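Please build the complete structure, drawing on both the sequences and the hints.
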Amino acid sequence: MLDATLFAGQVFNGFSVASLFVLAALGLALSFGLMRVINMAHGEMLMLGGYLAYLTYLIVPGPMAILVAMPVAFLGAALVGGLMEVTVIRRLSSRPLDTLLATWGVSLILQQAARSAFGPIGVGVTAPDWLNTGFAIGSLYFPSTRIFILAVAVAVLAGLGLLIARTRLGLLVRAVNQDRMMAAASGINTRRVDLAVFCLGTGIAGLAGVVLSLLGPVTPTVGQSYIVPAFLVVVMGGLGSMIGTTAAAIILGLVSALSQIFLDVSMSQVLMLVFVIVFLQFRPQGVVATRSRALEG
Amino acid sequence: MTDHPLLRHAWIAVLALAVLAPSLVSSYDLNLLGRFLAMAILAIGIVLIWGEGGILTLGQGVFFGLGGYSIAMYLKLASLEPGYLPDFMEWSGVMSLPWWWVPFQYPLFAVLAVVLVPALFAGLFAWLVFRRRIAGVYFALITQAVALTFATLLTSQQSTTGGYNGLTGFTTLFGMELGTDAANRTLYWVTLGLLVAVFAGSKWLIGSRFGTLLRATRDGENRVRFLGYDTTPYKVVAFALSAVFASIGGAFFTLHAGVVSPAFVGVVPSIEMIVWVAVGGRKSLWGAVAGALIVNFAKDIVSSAMPEAWLYVLGLVFILVVTFLPNGIAGLAEDLMKRRRERAAATGTALLEEAQ
Amino acid sequence: MTFHSEIKPGTPLLQVTDITVDFDGFKAIDGFSLTLRPGELRILIGPNGAGKSTFCDTVIGRVQPASGSVRFMGQEITGRPEHEIVRRGICRKFQTPGVLPSLSVRDNLAVAAARDRRWWTTFSHRRAAEETRRVGEILETVGLSDRAETLAADLAHGEKQWLEIGMVVATDAPLILLDEPTAGMGPNETSKTARLIKSLLGRHAVLVIDHDMAFVEELGGTVTVLHQGRFLKQGTVDEIRADPEVAAVYLGRAKE
Numbered sequence: 001m002l003d004a005t006l007f008a009g010q011v012f013n014g015f016s017v018a019s020l021f022v023l024a025a026l027g028l029a030l031s032f033g034l035m036r037v038i039n040m041a042h043g044e045m046l047m048l049g050g051y052l053a054y055l056t057y058l059i060v061p062g063p064m065a066i067l068v069a070m071p072v073a074f075l076g077a078a079l080v081g082g083l084m085e086v087t088v089i090r091r092l093s094s095r096p097l098d099t100l101l102a103t104w105g106v107s108l109i110l111q112q113a114a115r116s117a118f119g120p121i122g123v124g125v126t127a128p129d130w131l132n133t134g135f136a137i138g139s140l141y142f143p144s145t146r147i148f149i150l151a152v153a154v155a156v157l158a159g160l161g162l163l164i165a166r167t168r169l170g171l172l173v174r175a176v177n178q179d180r181m182m183a184a185a186s187g188i189n190t191r192r193v194d195l196a197v198f199c200l201g202t203g204i205a206g207l208a209g210v211v212l213s214l215l216g217p218v219t220p221t222v223g224q225s226y227i228v229p230a231f232l233v234v235v236m237g238g239l240g241s242m243i244g245t246t247a248a249a250i251i252l253g254l255v256s257a258l259s260q261i262f263l264d265v266s267m268s269q270v271l272m273l274v275f276v277i278v279f280l281q282f283r284p285q286g287v288v289a290t291r292s293r294a295l296e297g
Numbered sequence: 001m002t003d004h005p006l007l008r009h010a011w012i013a014v015l016a017l018a019v020l021a022p023s024l025v026s027s028y029d030l031n032l033l034g035r036f037l038a039m040a041i042l043a044i045g046i047v048l049i050w051g052e053g054g055i056l057t058l059g060q061g062v063f064f065g066l067g068g069y070s071i072a073m074y075l076k077l078a079s080l081e082p083g084y085l086p087d088f089m090e091w092s093g094v095m096s097l098p099w100w101w102v103p104f105q106y107p108l109f110a111v112l113a114v115v116l117v118p119a120l121f122a123g124l125f126a127w128l129v130f131r132r133r134i135a136g137v138y139f140a141l142i143t144q145a146v147a148l149t150f151a152t153l154l155t156s157q158q159s160t161t162g163g164y165n166g167l168t169g170f171t172t173l174f175g176m177e178l179g180t181d182a183a184n185r186t187l188y189w190v191t192l193g194l195l196v197a198v199f200a201g202s203k204w205l206i207g208s209r210f211g212t213l214l215r216a217t218r219d220g221e222n223r224v225r226f227l228g229y230d231t232t233p234y235k236v237v238a239f240a241l242s243a244v245f246a247s248i249g250g251a252f253f254t255l256h257a258g259v260v261s262p263a264f265v266g267v268v269p270s271i272e273m274i275v276w277v278a279v280g281g282r283k284s285l286w287g288a289v290a291g292a293l294i295v296n297f298a299k300d301i302v303s304s305a306m307p308e309a310w311l312y313v314l315g316l317v318f319i320l321v322v323t324f325l326p327n328g329i330a331g332l333a334e335d336l337m338k339r340r341r342e343r344a345a346a347t348g349t350a351l352l353e354e355a356q
Numbered sequence: 001m002t003f004h005s006e007i008k009p010g011t012p013l014l015q016v017t018d019i020t021v022d023f024d025g026f027k028a029i030d031g032f033s034l035t036l037r038p039g040e041l042r043i044l045i046g047p048n049g050a051g052k053s054t055f056c057d058t059v060i061g062r063v064q065p066a067s068g069s070v071r072f073m074g075q076e077i078t079g080r081p082e083h084e085i086v087r088r089g090i091c092r093k094f095q096t097p098g099v100l101p102s103l104s105v106r107d108n109l110a111v112a113a114a115r116d117r118r119w120w121t122t123f124s125h126r127r128a129a130e131e132t133r134r135v136g137e138i139l140e141t142v143g144l145s146d147r148a149e150t151l152a153a154d155l156a157h158g159e160k161q162w163l164e165i166g167m168v169v170a171t172d173a174p175l176i177l178l179d180e181p182t183a184g185m186g187p188n189e190t191s192k193t194a195r196l197i198k199s200l201l202g203r204h205a206v207l208v209i210d211h212d213m214a215f216v217e218e219l220g221g222t223v224t225v226l227h228q229g230r231f232l233k234q235g236t237v238d239e240i241r242a243d244p245e246v247a248a249v250y251l252g253r254a255k256e
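Residue numbers (my numbering), protein chains in the order written: chain A, 1 to 297; chain B, 1 to 356; chain C, 1 to 256.
Please note: incorrect hints may appear among the correct ones.
Stated by the list, open to error - Once the Cα atoms are required to be at most 25 Å apart in a straight line, the calculated SDA-like pairs of lysine to any residue come out as:
(1) C/K8 <-> C/E76
(2) B/K283 <-> B/G54
(3) B/K203 <-> B/P233
(4) B/K203 <-> C/S104
(5) B/K338 <-> C/D154
(6) B/K283 <-> C/L34
(7) B/K203 <-> C/E76
(8) B/K299 <-> B/F324
(9) B/K203 <-> C/R117
(10) B/K299 <-> A/Q224
(11) B/K283 <-> B/T349
(12) B/K283 <-> C/S124
(13) C/K198 <-> C/E76
(14) B/K283 <-> A/R95
(15) B/K203 <-> C/R126
(16) B/K338 <-> C/E149
(17) C/K198 <-> C/R117
(18) B/K203 <-> C/R118
(19) B/K203 <-> C/R127
(20) B/K203 <-> C/E149
(21) B/K299 <-> A/A113
(22) B/K299 <-> A/V11
(23) C/K198 <-> C/G235
(24) B/K283 <-> C/H125
(25) B/K203 <-> C/K8
(26) B/K299 <-> B/K338
(27) B/K299 <-> A/M182
(28) B/K283 <-> C/E76
(29) C/K27 <-> A/L92
(30) B/K283 <-> C/F123
(31) B/K203 <-> C/T132
(32) B/K338 <-> C/S104
(33) B/K283 <-> A/L92
(34) B/K299 <-> B/K203
(35) B/K203 <-> C/F123
(36) B/K338 <-> B/P233
If you are wondering where the hints come from, they were derived from the structure by calculation, not from laboratory data. Please read these numbers as outputs of a predicted model, since none were measured by experiment.
Here it is in structure tokens:
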């Protein structure tokens, strides 16, 4: 018999997992939509955000440290992302699979660098007191960290939506997304747009890293545990669509949380993968279909 | 590639050295070489799917593991006293052998499983994915998710898979006592023989009409479709074959190493397999074999001398090779030889002109 | 598999009746009809955006018409999947050369010429003698015999175009659609292409899309003019040249 409280609790958990997926996947989806490039070191941007949060806590302790850590992590990860774009990704722009491999090389180096700098075991970040509470409705308990994560995800989505819809950068992004050649021909510096979007995407990952640090220790491989589900979200979401990515994150978050009522974590992971493959049987173009692209090859 | 007379016959020398290796190197090195030759079998499969088919897979560790675990389950059962269960099962309080372990007490079943299980699983998976025209980056990411899932599953089902430690402690194979010098030599020669057979078979396949169509699909899948072909079967067969090679490689690796565990299966080992082939040359069979040997020997040397440095080296080598040498060592060798031929031709003409 | 035995004399090869293609409210093709006899040459011209390429897309099933019908050899093919239409005997050459770059010229043609497309029969190094003969013939026709072992990637632009025409011919499809076969060619190459196309007629009906009038003149044959998705005029090259309405359409654009 399915207990209603348990079910409601898992639905809440599902949304909370989904907000992590969104934060981890949005940056990937952005640059994938624009440049058709998957950054395998995206997980290490999460990790970087986590370590930057840890360092910020050391320098500015106090209840508001997390609010300082967020812009720091965003800028730090965006900076590293920018460096990556200029040194590695730009050189491989016409070879998406090779970009994927080269960025994996970057990912390995960053992981090892973290291991050398902070040790293999990982560092803890203590959440401020105002995040250590929660409230209950009936027998359901809502911890405030989870609510905070949800709020961050919603805020990032809203901010990104506004950025794309209302700003000049957003306009340029939409133009390049529509037709890169035409955009370039009409005088848009597409390389600079690529760079800006890539920095933005990795910055969001850095932000996600701060959020992750509230849930557990920051380790050199912390990014790896979130990145593969984030990839699945991108695959299922449809080509770089924000709405698709969000919808896919929610669906997969719910699948993961609800299946854990019946299954252990590893079986629920199997189920999630099978779910994605079955889903793609019916909608190979993803949750949000992009219009049919020009014939390739 | 084989234009140079020296190179045309170089393979005979290499093969002779490989056959004589048991009397040339220490038993430690022979064991390493045997493991790496097993990995080279897998690398050849990657040439088929990635080099010829243009399909990047980040899940070869899964098939390596399927082969490794299939043979290891047989070895584990064969090494038991009658009436006993594998040690890790007894520790976890498992009372009787799980049903899916039972057939692995028969050696023939285990050997068939090494070939058939990955073929069926890879074939079904690839058919589901390719028929919906999911390709490129999407396919790579899905295969990676498969690798992660499989590794997690093996680790978490401790009581029936041996968990994180995997399966080890084997003593006999088909009635032959393992670990003796004679057994090691035999095992080495069988691995070498299989590698040669897989190499030759793949060379034949690449030259066949199937190979032509696989390359055609890589070059322009839509073009091939508009010529009236269904491209899915070519990709499915190439993927299934690469899975079988990976599985055979995994089985022999397990025999040489005496252990199989999730550490050989997951995301990182799966991409490392791609590194071997990227370094050696994705479009070259001998390049892939050389890549598997070079990268793994380098790993052995670097990680025993400076364990921290290995991941830096691996990451850096991968970035550089992918960026500047997309066809790896084999591609570089080919370019150099082409240049030398052209220079030779140029000097030839110059001499001729001078003489006139 | 031979398509030609199925052609019934007297019936049109391709009969497109009153098709309309609607892209989100924009009518790329608006009530257009066209009939082709077996072995006939037809040239479709019109200013940019007239709907020529969309028409090709509709015939081969890449684009579904909102209304109207496409019949091939007397059978309805509207709404059939692309590969099925190809297998019925319509083959199209795209604007951008679609050769297979890492295959030799010979292998490119062999892939197109293979009659047996069942994958399990490809585990062999042998090709049917008939196919080898046809590939040789086509190499001759498109003038690439001495380039047979060259990789398609290493061909010059014009040679790539001929190779692709060769591939289309190799499928032996009774209807061949050529979308701007002379794009990017110089005058010599263009007239070689015209001769090549004329040599295909009879066995193949060819529908050519182009707007190079010199090329159209060299080809001869019936010209159909498409304007804003609608039928405008049909006639010989000279008639079309002299037509004031056609001139207005082209000049009108030139003034813009």
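Verification of the supplied hints:
{"no.": "1", "hint": "C/K8 <-> C/E76", "in the structure": "holds (15 Å)"}
{"no.": "2", "hint": "B/K283 <-> B/G54", "in the structure": "holds (10 Å)"}
{"no.": "3", "hint": "B/K203 <-> B/P233", "in the structure": "holds (20 Å)"}
{"no.": "4", "hint": "B/K203 <-> C/S104", "in the structure": "holds (18 Å)"}
{"no.": "5", "hint": "B/K338 <-> C/D154", "in the structure": "holds (15 Å)"}
{"no.": "6", "hint": "B/K283 <-> C/L34", "in the structure": "violated (48 Å)"}
{"no.": "7", "hint": "B/K203 <-> C/E76", "in the structure": "violated (45 Å)"}
{"no.": "8", "hint": "B/K299 <-> B/F324", "in the structure": "holds (22 Å)"}
{"no.": "9", "hint": "B/K203 <-> C/R117", "in the structure": "holds (22 Å)"}
{"no.": "10", "hint": "B/K299 <-> A/Q224", "in the structure": "holds (22 Å)"}
{"no.": "11", "hint": "B/K283 <-> B/T349", "in the structure": "violated (32 Å)"}
{"no.": "12", "hint": "B/K283 <-> C/S124", "in the structure": "holds (21 Å)"}
{"no.": "13", "hint": "C/K198 <-> C/E76", "in the structure": "violated (28 Å)"}
{"no.": "14", "hint": "B/K283 <-> A/R95", "in the structure": "holds (16 Å)"}
{"no.": "15", "hint": "B/K203 <-> C/R126", "in the structure": "holds (15 Å)"}
{"no.": "16", "hint": "B/K338 <-> C/E149", "in the structure": "holds (17 Å)"}
{"no.": "17", "hint": "C/K198 <-> C/R117", "in the structure": "violated (29 Å)"}
{"no.": "18", "hint": "B/K203 <-> C/R118", "in the structure": "holds (22 Å)"}
{"no.": "19", "hint": "B/K203 <-> C/R127", "in the structure": "holds (18 Å)"}
{"no.": "20", "hint": "B/K203 <-> C/E149", "in the structure": "holds (19 Å)"}
{"no.": "21", "hint": "B/K299 <-> A/A113", "in the structure": "holds (18 Å)"}
{"no.": "22", "hint": "B/K299 <-> A/V11", "in the structure": "violated (46 Å)"}
{"no.": "23", "hint": "C/K198 <-> C/G235", "in the structure": "holds (18 Å)"}
{"no.": "24", "hint": "B/K283 <-> C/H125", "in the structure": "holds (20 Å)"}
{"no.": "25", "hint": "B/K203 <-> C/K8", "in the structure": "violated (46 Å)"}
{"no.": "26", "hint": "B/K299 <-> B/K338", "in the structure": "violated (31 Å)"}
{"no.": "27", "hint": "B/K299 <-> A/M182", "in the structure": "violated (47 Å)"}
{"no.": "28", "hint": "B/K283 <-> C/E76", "in the structure": "violated (45 Å)"}
{"no.": "29", "hint": "C/K27 <-> A/L92", "in the structure": "violated (40 Å)"}
{"no.": "30", "hint": "B/K283 <-> C/F123", "in the structure": "holds (20 Å)"}
{"no.": "31", "hint": "B/K203 <-> C/T132", "in the structure": "holds (23 Å)"}
{"no.": "32", "hint": "B/K338 <-> C/S104", "in the structure": "holds (18 Å)"}
{"no.": "33", "hint": "B/K283 <-> A/L92", "in the structure": "holds (19 Å)"}
{"no.": "34", "hint": "B/K299 <-> B/K203", "in the structure": "violated (28 Å)"}
{"no.": "35", "hint": "B/K203 <-> C/F123", "in the structure": "holds (12 Å)"}
{"no.": "36", "hint": "B/K338 <-> B/P233", "in the structure": "violated (35 Å)"}
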